[in-house]
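Enquirer: Using the sequences and the accompanying hints, generate a full structural model.
Quick mapping for you: the protein sequence lines, in order, are chains A and B. My numbering applies: residue -18 is where the first sequence begins, and numbers increase by one. My numbering applies: residue 12 is where the second sequence begins, and numbers increase by one.
Everything labelled a hint here was simulated from the structure, so no lab data went into it. Please note that a few of the clues may not be correct.
[Unchecked claim] Only pairs whose alpha carbons sit at most 25 Å apart, straight line, appear in this in silico PhoX-like list of lysine-lysine:
id : chain 1 : residue 1 : chain 2 : residue 2
1  : A       : Lys59     : A       : Lys88
2  : A       : Lys30     : A       : Lys50
3  : A       : Lys88     : B       : Lys22
4  : A       : Lys88     : A       : Lys30
5  : B       : Lys68     : A       : Lys88
6  : A       : Lys59     : A       : Lys30
[To be verified] If we take Cβ atoms under 10 Å as the criterion, some of the chain B residues that face chain A in the derived model are:
id : residue
7  : His40
8  : Arg42
9  : Tyr44
10 : Phe56
11 : Tyr59
12 : Glu63
13 : Glu67
14 : Ser69
15 : Phe76
16 : Ser106
17 : Asp109
18 : Ser110
19 : Ala113
Idealized CB from N, CA, C, for every residue including glycine.
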Amino acid sequence: AQSVTQLDSQVPVFEEAPVELRCNYSSSVSVYLFWYVQYPNQGLQLLLKYLSGSTLVESINGFEAEFNKSQTSFHLRKPSVHISDTAEYFCAVSDTGAGSYQLTFGKGTKLSVIP
Amino acid sequence: DTGVSQDPRHKITKRGQNVTFRCDPISEHNRLYWYRQTLGQGPEFLTYFQNEAQLEKSRLLSDRFSAERPKGSFSTLEIQRTEQGDSAMYLCASSSRDSTEAFFGQGTRLTVV
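Expert: Okay, structure coming up:
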């Protein structure tokens, strides 16, 4: 079984400031790691994922996350946020050996970008 | 491709009534998932289909819940004898064979009064 902990339920940050959303996971098996984003009144969308290879992964809109196996973390960062980044962000894992790729999510972090 | 669609978007029902939700996945996706999200929580896995076969069910899926995907296309989730604790957002997701990326619908928000 896996579990995901998102340490901050809400993160307010000023526009153009950097942000880090923290995610730690616990698992007895090897996992894939994901960040999903949910904009207001929209469904969950995949932001980025780590499957293997380089531990630093990037999204098309400037977010990046680094897989740290020793610390079992997958923190999400952006050097300069925009108003449009206001959303709820969910960290998730799935068992690499399970054929279903079902996801175990954290509770989410609400990012509020202040103009 | 219009993405994953769910119907209805909102449902208010009285305790004890039965409700049924529908999910239409992306057309070429053979995997379909149902999740439940309550206030302040992340989505929780309920069940998984590969084509028409229901391959996994969570312990969250009590015997009042049943899901089907009769022709390997759309899926339905039925809740019988609804309880107030069933109030939640019910999310459907789909993915293609061997893909780790799940595409989510906007969900059906159920309120049991």
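Enquirer: Determine for every hint whether it applies to the structure shown.
Expert: Results for each hint:
no.	hint	in the structure
1	A:Lys59 with A:Lys88	holds, 20 Å
2	A:Lys30 with A:Lys50	holds, 15 Å
3	A:Lys88 with B:Lys22	holds, 24 Å
4	A:Lys88 with A:Lys30	holds, 18 Å
5	B:Lys68 with A:Lys88	holds, 21 Å
6	A:Lys59 with A:Lys30	holds, 15 Å
7	His40	violated, 12 Å
8	Arg42	holds, 7 Å
9	Tyr44	holds, 6 Å
10	Phe56	holds, 5 Å
11	Tyr59	holds, 5 Å
12	Glu63	violated, 15 Å
13	Glu67	holds, 5 Å
14	Ser69	holds, 9 Å
15	Phe76	violated, 16 Å
16	Ser106	holds, 7 Å
17	Asp109	holds, 9 Å
18	Ser110	holds, 8 Å
19	Ala113	holds, 7 Å
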